[in-house]
Amino acid sequence: MERPSRRDADIAAASAEAPIILKLDNAAMSDIAQALPSGQVDAAALPKAYVARIEAYDRGGPALK
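Numbering of the sequence shown is given in the working numbering, commencing with residue 1 and proceeding in unit increments.
Note that these hints are calculated values from the structure, not bench results.
Every value quoted in this text rests on a predicted model; they were computed, and no experiment measured them.
A hint or two may mislead.
Ranges of calculated distance between the beta carbons of each label pair, as one might list FRET restraints [unchecked claim]:
#: 1; residue 1: Asn26; residue 2: Leu64; range: 34 to 40 angstroms
#: 2; residue 1: Leu64; residue 2: Asp42; range: 31 to 37 angstroms
#: 3; residue 1: Gly39; residue 2: Leu64; range: 40 to 46 angstroms
#: 4; residue 1: Val51; residue 2: Ala28; range: 16 to 22 angstroms
#: 5; residue 1: Leu64; residue 2: Ala44; range: 19 to 25 angstroms
#: 6; residue 1: Leu64; residue 2: Gln34; range: 33 to 39 angstroms
#: 7; residue 1: Leu64; residue 2: Gln40; range: 35 to 41 angstroms
#: 8; residue 1: Ile32; residue 2: Asp58; range: 17 to 23 angstroms
#: 9; residue 1: Ala43; residue 2: Lys23; range: 15 to 21 angstroms
#: 10; residue 1: Leu36; residue 2: Leu64; range: 35 to 41 angstroms
#: 11; residue 1: Asp31; residue 2: Tyr57; range: 33 to 39 angstroms
#: 12; residue 1: Met29; residue 2: Asp58; range: 14 to 20 angstroms
#: 13; residue 1: Asp58; residue 2: Ala33; range: 21 to 27 angstroms
Where a beta carbon is used, it is the ideal one built from N, C-alpha and C, also for glycine.
Working from the sequences, and respecting the hints, build out all of it.
Listed below in structure tokens is the structure:
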């Protein structure tokens, strides 16, 4: 199975149930907390976007031998 790329993480975030408008890479928790009640970020889509990001950056990135 091919490892997810950073682009895959962006696509996963974009295709989640609700659109995630914030750039999660740079978003402060205070910004996310404000975006939740306004509907810019969906509470169910937020963890999915972070899991996709973890897959792309942490697990799919360079590794030590």
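Can you tell me whether the CB distance of leucine 64 to glutamine 34 sits inside 33 to 39 angstroms?
holds (38 angstroms)
State, for the Cβ atoms of leucine 64 and glutamine 40, whether the hinted interval 35 to 41 angstroms holds or is violated.
Holds - the Cβ-Cβ distance for leucine 64 and glutamine 40, about 37 angstroms, lies within 35 to 41 angstroms.
Hint says 35 to 41 angstroms; check whether the CB-CB distance for leucine 36 and leucine 64 agrees.
holds (36 angstroms)
Verdict for asparagine 26, leucine 64 (Cβ pair) under range 34 to 40 angstroms:
violated (26 angstroms)
For the hint 33 to 39 angstroms, verify it against the beta carbon of aspartate 31 and that of tyrosine 57.
Violated: the Cβ-Cβ distance is about 19 angstroms, outside 33 to 39 angstroms.
Does the hinted range 21 to 27 angstroms hold for aspartate 58 and alanine 33 at CB?
holds (24 angstroms)
Looking only at beta-carbon atoms, does the pair leucine 64, aspartate 42 fall within the given range of 31 to 37 angstroms?
holds (36 angstroms)
C-beta pair glycine 39, leucine 64: status relative to the range 40 to 46 angstroms that was hinted
holds (41 angstroms)
Regarding alanine 43 and lysine 23, is the given constraint of 15 to 21 angstroms on their beta-carbon distance met?
Since alanine 43 and lysine 23 have Cβ atoms about 18 angstroms apart, the given range 15 to 21 angstroms holds.
C-beta pair leucine 64, alanine 44: status relative to the range 19 to 25 angstroms that was hinted
violated (34 angstroms)
Using the Cβ atoms, figure out if valine 51 sits within 16 to 22 angstroms of alanine 28.
holds (20 angstroms)
Is 17 to 23 angstroms a correct range for the gap between the Cβ atoms of isoleucine 32 and aspartate 58?
holds (19 angstroms)
Hints 1, 5, 11, counting from the list given before, are not met by this structure.
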